[in-house]
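**Q** Once you've looked at the hints, dock chains B and C against the given chain A.
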Amino acid sequence: MAYVATRGGERAIEQSERLYRAELGQIDAARVAEIRHALPMLIDRVMGEASLYEPDLAALALAQAGGDLYEAVLLLRAWRTTQPRLTIAQPVLQDQLFTLRRISAAFKDIPGGQILGPSLDYAHRLLATGVLQGRPYVPAAVQPAATPAPARQPSLAAWQKAQGLVADPARADVAPDDIPDLTREPLLFPAARAHTLQSLARADTGGMLALGYSAMRGYGNAHPTVNELRLAEADVRVRHPGGTVFSAGRVKVSQAEVTSKGKSGLLELGFCATLGWNEVKVISGATLDLNAPGAAKGSPVEEEFFLYHTEPVEASGFCIHFKLPHYVTFQSSLDALRGAKAVPAPHEPEKVPA
Amino acid sequence: MSFLTAVPLPDAFETRTNATFEALMWALSRPGTVQDLPAPGSAGIAEALLDRECRAFCDDPALADRIATFGAALVPLPLADHCFLALDAGLDRLAQIAVGSALYPDTGATVVAQARFGTGQRLRLTGPGIETLAEIALDGIAPGFWALRAALCRYPAGFDLFLTCGAQVIGLPRSTTIEVL
Amino acid sequence: MTIATLTKPWEAMSYGFLDASAKRELRRKMLKAIAVPGCQMPYASREVPMARGWGTGGLQVTLTLLRPSSVVKVIDQGADDSVNAASIRSFLSKVSGARETWDTLEATILQSRHRIPEERLRADQVLVLQVPNPEPLRPVEPNMSVARQMHADADYGRLWLILYEQIVRSGRVMQGAAYPSLVNGRHVMTPSPIPRWDVPKLHMAQHLTFLSAGREKRLYAVPPFTRVEPLVFSDVPFQVEDHAALTCHRSGLTGYFMNEIPQGDGGSQFELSDSNLGIKAIRQAEGADARIGPTWYENGKTS
Numbered sequence: 031m032a033y034v035a036t037r038g039g040e041r042a043i044e045q046s047e048r049l050y051r052a053e054l055g056q057i058d059a060a061r062v063a064e065i066r067h068a069l070p071m072l073i074d075r076v077m078g079e080a081s082l083y084e085p086d087l088a089a090l091a092l093a094q095a096g097g098d099l100y101e102a103v104l105l106l107r108a109w110r111t112t113q114p115r116l117t118i119a120q121p122v123l124q125d126q127l128f129t130l131r132r133i134s135a136a137f138k139d140i141p142g143g144q145i146l147g148p149s150l151d152y153a154h155r156l157l158a159t160g161v162l163q164g165r166p167y168v169p170a171a172v173q174p175a176a177t178p179a180p181a182r183q184p185s186l187a188a189w190q191k192a193q194g195l196v197a198d199p200a201r202a203d204v205a206p207d208d209i210p211d212l213t214r215e216p217l218l219f220p221a222a223r224a225h226t227l228q229s230l231a232r233a234d235t236g237g238m239l240a241l242g243y244s245a246m247r248g249y250g251n252a253h254p255t256v257n258e259l260r261l262a263e264a265d266v267r268v269r270h271p272g273g274t275v276f277s278a279g280r281v282k283v284s285q286a287e288v289t290s291k292g293k294s295g296l297l298e299l300g301f302c303a304t305l306g307w308n309e310v311k312v313i314s315g316a317t318l319d320l321n322a323p324g325a326a327k328g329s330p331v332e333e334e335f336f337l338y339h340t341e342p343v344e345a346s347g348f349c350i351h352f353k354l355p356h357y358v359t360f361q362s363s364l365d366a367l368r369g370a371k372a373v374p375a376p377h378e379p380e381k382v383p384a
Numbered sequence: 677m678s679f680l681t682a683v684p685l686p687d688a689f690e691t692r693t694n695a696t697f698e699a700l701m702w703a704l705s706r707p708g709t710v711q712d713l714p715a716p717g718s719a720g721i722a723e724a725l726l727d728r729e730c731r732a733f734c735d736d737p738a739l740a741d742r743i744a745t746f747g748a749a750l751v752p753l754p755l756a757d758h759c760f761l762a763l764d765a766g767l768d769r770l771a772q773i774a775v776g777s778a779l780y781p782d783t784g785a786t787v788v789a790q791a792r793f794g795t796g797q798r799l800r801l802t803g804p805g806i807e808t809l810a811e812i813a814l815d816g817i818a819p820g821f822w823a824l825r826a827a828l829c830r831y832p833a834g835f836d837l838f839l840t841c842g843a844q845v846i847g848l849p850r851s852t853t854i855e856v857l
Numbered sequence: 002m003t004i005a006t007l008t009k010p011w012e013a014m015s016y017g018f019l020d021a022s023a024k025r026e027l028r029r030k031m032l033k034a035i036a037v038p039g040c041q042m043p044y045a046s047r048e049v050p051m052a053r054g055w056g057t058g059g060l061q062v063t064l065t066l067l068r069p070s071s072v073v074k075v076i077d078q079g080a081d082d083s084v085n086a087a088s089i090r091s092f093l094s095k096v097s098g099a100r101e102t103w104d105t106l107e108a109t110i111l112q113s114r115h116r117i118p119e120e121r122l123r124a125d126q127v128l129v130l131q132v133p134n135p136e137p138l139r140p141v142e143p144n145m146s147v148a149r150q151m152h153a154d155a156d157y158g159r160l161w162l163i164l165y166e167q168i169v170r171s172g173r174v175m176q177g178a179a180y181p182s183l184v185n186g187r188h189v190m191t192p193s194p195i196p197r198w199d200v201p202k203l204h205m206a207q208h209l210t211f212l213s214a215g216r217e218k219r220l221y222a223v224p225p226f227t228r229v230e231p232l233v234f235s236d237v238p239f240q241v242e243d244h245a246a247l248t249c250h251r252s253g254l255t256g257y258f259m260n261e262i263p264q265g266d267g268g269s270q271f272e273l274s275d276s277n278l279g280i281k282a283i284r285q286a287e288g289a290d291a292r293i294g295p296t297w298y299e300n301g302k303t304s
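Protein chains in written order, with our numbering: chain A, 31 to 384; chain B, 677 to 857; chain C, 2 to 304.
So that you can see chain A by itself, here it is in the shape it has in the complex (with noise of 0.2 Å):
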């Protein structure tokens, strides 16, 4: 078969990922252990755009990814998929998180205290090169304070609702079976709460700092103020089909509330959250949340802008697939091409539909 000679397609794809694959070697369960242990803010990054709170198979992922996050997080959503759903936890309450950092920008003192918690914002970001040269950096011992912080904390808008300062629209109170799940059922808008929150839940960090960056940059109309930056462990409970609710474990949850004066003379709020622990991402998040009302089509802190443009399998898949051929349609065009008379040539790029 003379024909397919030049091809092979299916050895040539075989012998590309045995290519990639020896480069990272052996992967065996230490080494799963090590990156899980290492790595506790990547696993928790991995975790939350992947949706699948699992630090063993978040390890796995960026194991077997050699790193890239965008494949990890597209294993975990693809083995996130063949899992049955056996039940819905109940809601998880801002003060009954066990919370271990909740700060505010917005008072000096906030009702619960300001709990700087585990945080890298004031250490002086140097390398330890001495570690290269022999001498392992050992972090010095934590000197506990004198009285611990509370383990939970009320929530701050709480309070600014009790004093009128903020908006309280109206709850909807949904069983939590109920709660629309966007793994099952499209994004579409304007979008159900529940499908914002979760999508921003999902984001790709990156992509959210971006467009959050330039919503604070001046491409939306609120500037943000830190009305309360939560990280915390939540307690997932769940109900047996006893009729007990019980906790099934602890998840590692960030939350974020920004807050600008609005419109109608009350401070608004923007959240965010999302499972392990990633201020950058909540904080993004939740500026776009805050920037989202009344925002114009097209603009970056529109809500079905900024929502389909961080969705991290969606984008990163795109992009590399343009590494594809696409040898049909150029020869389709190029048969319009030959095809048209000779005029000079337009200023604007000829749009043709999709």
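Among these hints, one or two may not hold up.
Pairwise CB distance ranges (calculated) [claimed, not checked]:
#1 A:E44 x B:A744: 43 to 53 Å
#2 B:D736 x A:V204: 26 to 36 Å
#3 C:R100 x A:P114: 25 to 35 Å
#4 B:G766 x C:E166: 53 to 63 Å
Keep in mind the hints are simulated off the structure, nothing from the lab. Glycine included, each C-beta is placed from N, C-alpha and C at the ideal position.
**A** Below, chains B and C without anything else, positioned relative to chain A:
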């Protein structure tokens, strides 16, 4: 692809629901043709299509119990995305069937009902899936139903109909124009 | 309800990869797509073990249809052994036990990116086209909510205007592949980035076509015997690519869509885009038993 070891095998549920769907797919693609279902009746159709993401209306208590086991919520007729009904009487309530909108035609309901094929009222069908025209005869459907359907289905809004007769099914999508002969 | 009723014994993977819930959602949306030809139906679009934009929409439709007796053909740019076609076909057979084929006549399900085979599809075959962008209105309206409203209103004036401007400016419609077409006289769809050569193959066809965009989470269908009419002006007829007179330098066949291969001497050679049609023609010439079915085009013209 070395991570895929063994080829999975379909279990009886997968085989049955796959075959049921294929019958429904061809029934709707070629309106008026008779397709074979793996089992008689409407329960198999519900099994292939419904789960906890669906809202169903069913006026047969035994079938309603089956549908509930698939996870679908049982709701009043106007809220249902899948309706399991008798069409031989009680036409008044049929005006409540969800027909969706031009914006979201997919929210028009899927209606499943029983009929007898090859006898009774003759109908002439035209539209997508039919090369020129098709003729069928159906019994067990109230005489005013077809006029009501025409009034409700303002394309692309409308509902889509599956009629079963034993283990056979005929599909009549909203895109089919039906002339009562 | 108990946990036991919601779950099932552990298995490494569901048959056909997708779980029962994903398949049921696909089935419901595929039925709605058939019921309103050419109308984009939103669906959840599960993640699958392939990157978005690489055929995940087509893959989900095919996985829903597959059973062990299925015979699958997968092509990319017309070729069965194109790298991504090979990858998809191998995945499909590994998760379903379906038989792989390169022969259009043998296949029960054909998944394709950017081409429709030259041999006529039959009433028992399903064509699944991969769709990168399901929205024909995107060049005039990138916002999906606004575009949806335009479809609801059958408001296609701005699309016509683009085509008109092209004729004024260039003397012809400049649209290459993915030619917008009116389905069943109501919805304008993009037929996916198939060349104009392939659009007439969807009009009043014997077979059923699904078009599915996994990344954009939309699927639509063209049932058999459904009108698919490219948008044209009555005085400027629809033009397919000018390939009718080209001859494949490998197989010697004339009158089908060709790949152009630039040559060092400044000219071009042409080879059949439908690679397996070329293989069959060569095998026939060598005296082997290779059957070529009836084709949509005969002597470069639709028959």
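**Q** Between E44 of chain A and A744 of chain B, does the C-beta distance stay in 43 to 53 Å?
**A** The hint (43 to 53 Å, Cβ to Cβ) holds, given that E44 of chain A and A744 of chain B are roughly 48 Å apart.
**Q** Is the gap between the beta carbons of R100 of chain C and P114 of chain A within 25 to 35 Å?
**A** holds (29 Å)
**Q** Within 26 to 36 Å or not, the Cβ separation of D736 of chain B and V204 of chain A?
**A** Distance hint for D736 of chain B, V204 of chain A holds at roughly 30 Å.
**Q** Between G766 of chain B and E166 of chain C, is the Cβ distance one that fits in 53 to 63 Å?
**A** For G766 of chain B and E166 of chain C the Cβ distance comes to about 55 Å; the hint holds.
Every hint, counting from the list given before, is met by this structure.
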